[in-house]
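Sequence order for the protein chains is L and P.
Going by the UniProt record's numbering, the residue at position 338 of the first sequence is 338; the numbering climbs one at a time, nothing skipped.
Going by the UniProt record's numbering, the residue at position 161 of the second sequence is 161; the numbering climbs one at a time, nothing skipped.
No wet-lab data here; the hints were simulated from the structure.
For every residue, glycine included, the Cβ atom is placed at its ideal position computed from N, Cα and C.
Misleading hints may appear alongside valid ones.
[Claimed, not checked] What follows is a list of derived Cβ distance ranges for each label pair:
hint : chain 1 : residue 1 : chain 2 : residue 2 : range
1    : L       : P351      : P       : N183      : 52 to 62 Å
2    : P       : Q184      : L       : D31       : 55 to 65 Å
3    : L       : P351      : P       : Q184      : 32 to 42 Å
4    : P       : Q82       : L       : L467      : 52 to 62 Å
5    : L       : D31       : P       : A174      : 51 to 61 Å
[Claimed, not checked] Calculated lysine-lysine pairs in the DSSO-like style (CA-CA distance at most 27 Å, straight line):
hint : chain 1 : residue 1 : chain 2 : residue 2
6    : P       : K210      : L       : K385
7    : P       : K210      : L       : K84
8    : L       : K385      : L       : K275
9    : L       : K79       : P       : K210
10   : L       : K44       : P       : K210
11   : L       : K394      : P       : K4
12   : L       : K280      : L       : K219
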Amino acid sequence: MAKTVVIDPVTRIEGHAKISIYLDDAGEVEDARFHVVEYRGFEKFCEGRPFTEMAGITARICGICPVSHLLAAAKTGDKLLAVKVPVAGEKLRRLMNLGQFTQSHALSFFHLSSPDFLLGWDSDPATRNVFGLIAADPDLARAGIRLRQFGQTIIEKLGARKIHAAWAVPGGVRSPLSEEGRTWIRERLPESFETLYTALNLFKQLLDRFTTETEEFGKFPSLFMGLVGKNGEWEHYGGHLRFRDSEGTIIADHLSEDDYHSFIGEAVEPWSYLKFPYYKPLGYPDGIYRVGPLARLNVCDHIGTEAADRELREMRDRAGGLPTSSFFYHYARLIEILAALEKIQQLMDDPDVVSERVRAQAGINELEGVGVSEAPRGTLFHHYKVDENGLIQKVNLIIATGQNNLAMNKTVTQIAKHYIHGNEIPEGLLNRVEAGIRCFDPCLSCSTHAAGQMPLHVELIGADGALLNEVYRR
Amino acid sequence: MSVKTLTINDQPIAIEEGKTILDAAKEAGIPIPTLCHLEGVSDVGACRLCLVEVKGINKLLPACVTQVAEGMEISTNTPKLQEYRRMAVELIFAEGNHVCSVCVANNNCELQDVAVEVGMDHSRFVYRFPDRGVDVSHSQFGIDHNRCILCTRCVRVCDEVEGAHVWDVAQRGAACYIVSGMNQPWGEVEACTSCGKCVDACPTGAIFRKGTTTAEKAGDREKLEFLVTAREQGQWTR
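Excised from the complex, chain P in its bound form (with noise of 0.2 Å):
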């Protein structure tokens, strides 16, 4: 297999080929915040918040789906990127309807962590508060669209991991939502097999364990980690 050679922030680096930067990153240990990004499972470059800069390229490359090619000279943090980084989260705050205080997932949110580690102490944009609803048909979760980020890690570990495929992305731009089955309420998605894997996908409190209350989300993130291996070692249930 070959081998590319790369430097990301000045330090030279070697990873096989067919790599992403942001393995290449993780691999020299230098951070790089995401959101969507989930060990495995597939990278769609949703969230925009691994955008590193490349010399010799004129726009900004998503970390997790560009792949390394040699010589690349990459800087994972300039002034101009975590402008950009900050204002990525910004909209996604004033998009949806986050309210923290009053959030399932308050102090074990991922999109609380990455606006803290931003350094976004507010928002400059406009909120939208976009009408948006609550699922909680299914006997033992619900989804809340008001805090989804649609970052799809729910759908990618329905689809990649359980095999269930539950979930997709409905309409486009700014109308975007995530949908159960035929766009049907989740209670009534025979395909969903209540395995939970979406609850523990999801990076805000958008899926949630019914009954939970304010901060109550279990930030577990090992469980990601039973996500990653769990075909490899046939584990089904938790």
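Only chain L is shown next, with the shape it has when bound in the complex (with noise of 0.2 Å):
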């Protein structure tokens, strides 16, 4: 008999989201939808405010990646200034970012992925978390943690605070660093540096034990998008847009983000309040792309430092090629750690990281900007309209989450299909199904700038469109 799985709600993930399983009469799997079931309404209560406040009404969407809407918020700023921000106000916010990297990355890493890897993932759900982590390994979850703190702590010594710290303004930011946290960044490096090396590793070698789920998580051709440098180099901040396809072909390059409306489309599905974008010459739903860490890696030619392009190169022998399997993204956010590492190691001997000239002042220039930036993520768009004054007439945020969410939605569809057979579901099987979705390290409240916070729940739905089973997680 037909019947759905309802994975409700999905844990160790940013956000608040169900999974929906669809058997055939066979007890076969024909589809699975991944529906983010949040609204928060954020590009519509912000109309009518003053556009110099965006950078800190739209920081507060997300508390882990806070920093990314900063970003993005002032970057828009920028545009409506219609000014050139400091040479050491953009150091500066690259410095942010890259701290803003670590911590998310390390936080998706070792507190919401590695119980799967390192307890196994058909191990108890009771511990198969961070805490359990720390019992069974607390050398590795101690490590984790600070390298965590480390990129939070880069955050709070620039903007005096952690989380929504409202540093970055339209036209540069507010403080340079102190000579203080200059010193203690330089400290605390080759700790972290070493804490990477020591998950790379470990990584690495699971990466050669988990063959199956390297096959099965998502392992499918599609288009990568992400901000790549002038050289072709690995970008977090600035450069441009660039789609590259699985087999490495670039499919377009030195797109600007202020032309986003005609390369990136924007569909709805009635099941689900996050947006479906795609590459609009490829059409809806063909034009499936990824962004985040693996698309970072993909897109760029080269890091542009020496450890990290070793393990670029390193990563790209092992997949012969540019790696297509969504649980790659893993591998890619531990390299984007030791790039982000070894460019903060690089901006601690810029003087202009000290530097007092971070602020461009101006009125209103411009009564449109779209701001992008790359969140540890992916690609985060910020387009505002604004009248005569600077106040908010319209607001666009399209955001990592929604833009990997055709690919995650393949990608659970594909795990389902190869682990669940027949209506009796092991707990371990849907585990695998989350992980699917982990590896996106999707964040929700960003995504619909939704509250809340994100369990699970599968849904097993028969072919009558009867609820045959469903199991809930919180």
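Hints given; two lone chains; assemble the complex.
As structure tokens, then:
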């Protein structure tokens, strides 16, 4: 008999979601859907506010990656002022984003995903979490938590608080790094590198064992999108947008965020509050593309720092080209932490990070602006229209997790098809379905600009539409 | 000049006739919370935070506009007053749209300070979420009516110190709001001298310098000192 499995709520992700798995009459998986069930309305209630407040307001979308919204909003503000941000201001913004990458990726890897790898997909869900990890490998757990703290503290040293520092403003930033802050970061760098290498080596060993996961966790051809620098190097703040396909062919390059409407469409499905962006020239849903750590490593030609480039080459060797398995997001995340640490190290020797000339002043010079920045989870767009006094008339936010929506749905379908046969579903298999989502480290609070937490609910739905089985986890 | 003798919280006090209970308390070093009171301009008793109890009078009196009288026995901090003050602050929060986390005056706000002072940790009243506007038509300043508590300090400082009388209060009751000129956009009011006294006088983030972002409104309370002495010292610009 046909049925549907429902995983609700999805655990160890940021936000609230459920997964429905649809079975056919033979009990085989026909389709699977990742539903985002929260709604917030930031784009609406920002209307009428002065644009200068947008960085502060949109940062509140998320407690994990407020820096991403802060930077995208400040960059959109730069466009409205039509000013050039002082060199030191840009470097400082970059520094904060690198701190953000470090802390967010460390959170995703150590706190949220590593319990699956290290404790086992089928281990007891009661301990398959960061506390179980602390019990099983206290040294690794402590190192991971301290690596996240390193990133968070960089944010605090710059913006005076770890979360929701309203420090990046239209035109630049409010203040430079203090000498005390610089000393602290320098002293903590060696330990952070060491933790990262431990995790990276551990993950590479696991990768040799997890051949099924590598094959089944969202391995499919798709486009990848991300920012790249002038010379095709890895970017997280500036540069231009590039689309590349799984074979490595550059489909579109030197795209400007200002024209995002011409290459990104946003589709809506009745069963999710999360929109489905797609690459317009290929249409919906064929224009499926992925963003985030794996996409950034796939679109760039090189990273631009020695150790990270070495690891990038190794990753591509292991995958035999550009990796297309979403399981490689974890791998890419670790390589990005390495790149971030190397770039932070470079910035510590740059006199600009303590320069006082960090903010350009101007009035409203443009009535419309689009800002783009790489959030840890992928490319983030802010688009504002203002009146002649600078009051917001219209806001559109395109969030990384939304852009991965099609890919996440494809990933859960692939995993469900591989692991689920018939009505009885072992918990460990459901966990693999959830883990498919965790590869993308989705932030649903961001992507729907929504409130709440993210537990998981899986529904098993029969061919006749009847609910046959469901599993809740809160 | 005759002197009145009275007690505040059982402390005997002698003060000139014509002074207010708030003056007397200040002289005796007894704190009474205020929001609409601003040294150097007239008092209006708008915020009701300075309410005190006077023995023999069965209603609460605002200390800022009640003159001292011989033999008054005043209490400033009874449980009843504490409860009423907290309620007054909660009502102010529930009335407008006060979102501290993204406000220009966060950490530099008298409303925030007073909420802490009266021990408010949340509002027991349902928020009204009124639909109010923001006027940033002035070249340097803006007014966000969402954050206005109708203390009228801007009205009084503009009228009594600057002499421009740009501001007034329109409507009645819950519909009240501050208007500039003849209910025109601020930027079109010719009487405005762009002196910025209203920005300094505003206790919240309602009137601010344009371009200010979250928590950036400088809480320079010394500017208030300037407002008080400006007329005597002939200082018309800062």
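Here's how the hints hold up against the structure:
Distance hint for P351 of chain L and N183 of chain P: a CB-CB separation of about 53 Å, consistent with the stated range 52 to 62 Å. Restraint check, Q184 of chain P to D31 of chain L: a C-beta distance of roughly 60 Å satisfies the suggested window 55 to 65 Å. Taking the beta carbon of each, P351 of chain L and Q184 of chain P are about 50 Å apart, not inside 32 to 42 Å as hinted. Against the hinted window of 52 to 62 Å, the Cβ-Cβ separation of Q82 of chain P and L467 of chain L comes to about 55 Å, which satisfies the hint.
Checking the proposed 51 to 61 Å range against D31 of chain L and A174 of chain P shows it holds: the Cβ atoms sit about 53 Å from each other. Using a Cα cut-off of 27 Å, the hinted pair K210 of chain P and K385 of chain L holds, with the two alpha carbons roughly 18 Å apart. At most 27 Å may separate the alpha-carbon atoms for a hinted pair to count; K210 of chain P and K84 of chain L meet this at roughly 19 Å. Straight-line distance between C-alpha atoms of K385 of chain L and K275 of chain L comes to about 21 Å, which keeps the hinted pair within the 27 Å bound.
For the hint pairing K79 of chain L with K210 of chain P, the CA-to-CA distance comes to about 17 Å; that is within 27 Å, so the pair holds. Among the hinted pairs, K44 of chain L with K210 of chain P is consistent with the structure: their alpha-carbon atoms are about 22 Å apart, no more than 27 Å. A C-alpha spacing of about 62 Å is found between K394 of chain L and K4 of chain P, which places the hinted pair above 27 Å, so the restraint is violated. Restraint check: the Cα-Cα separation between K280 of chain L and K219 of chain L comes to about 22 Å, which is no more than 27 Å; the hinted pair holds.
The earlier numbered hints that this structure contradicts are 3, 11.
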